[in-house]
Amino acid sequence: MANGRECETVAVRLLAQREHSRHELAQKVRQRCECDTISLNALLDKLQSLGYLDDARYAAAFVRSSISRGRGPQRISYELREHGVDDTTAAQALAEADVDWHDLACEQRIKKFGGEIPTDYKERARQSRFLAGRGFYTDAIKAAFQ
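Going by full-length UniProt numbering, 88 is the number at position 88 of the sequence shown; the sequence numbering is gapless.
Everything labelled a hint here was simulated from the structure, so no lab data went into it.
As the structure is a computational prediction, the values presented were derived from the model and not from experiment.
Incorrect hints may have been included.
[As the list claims (entries may be wrong)] Below 27 Å or equal to it, Euclidean Cα-Cα: the simulated DSS-like pairs (lysine-lysine) are: (1) K122 x K142; (2) K142 x K111; (3) K46 x K28; (4) K122 x K112; (5) K112 x K142; (6) K111 x K122.
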């Protein structure tokens, strides 16, 4: 059984590399060292109180990164939920992101398929499915074809 000091060292080293959500950090610490749930929660609480661990900061960084990869708000919020970020924090991070989702959807469509707007229904549907897979809502997808 690993001592608390070793788990703390592992956690701080992980946080030094990049931001992590509380849920994500807990999983990674459990993989690297054995510690019971009570001591792990105490460690995570301590890291939060010191300001090393912050789900809101993690969500903001994740949103920025996802936008730069061309992902839409629906996919971003789903992935944040997968990383253990609560819906309120995820919604706040998305709201604070300075992005026009319609423009981003349009950029992604042009990047993948070129500037010409398809007149063929089949091709338009294919491009719409691509944007939906990227996580864009219907209004942004429609705006990408105008």
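Tested hints:
no., hint, in the structure
1, K122 x K142, "15 Å, holds"
2, K142 x K111, "16 Å, holds"
3, K46 x K28, "17 Å, holds"
4, K122 x K112, "16 Å, holds"
5, K112 x K142, "16 Å, holds"
6, K111 x K122, "19 Å, holds"
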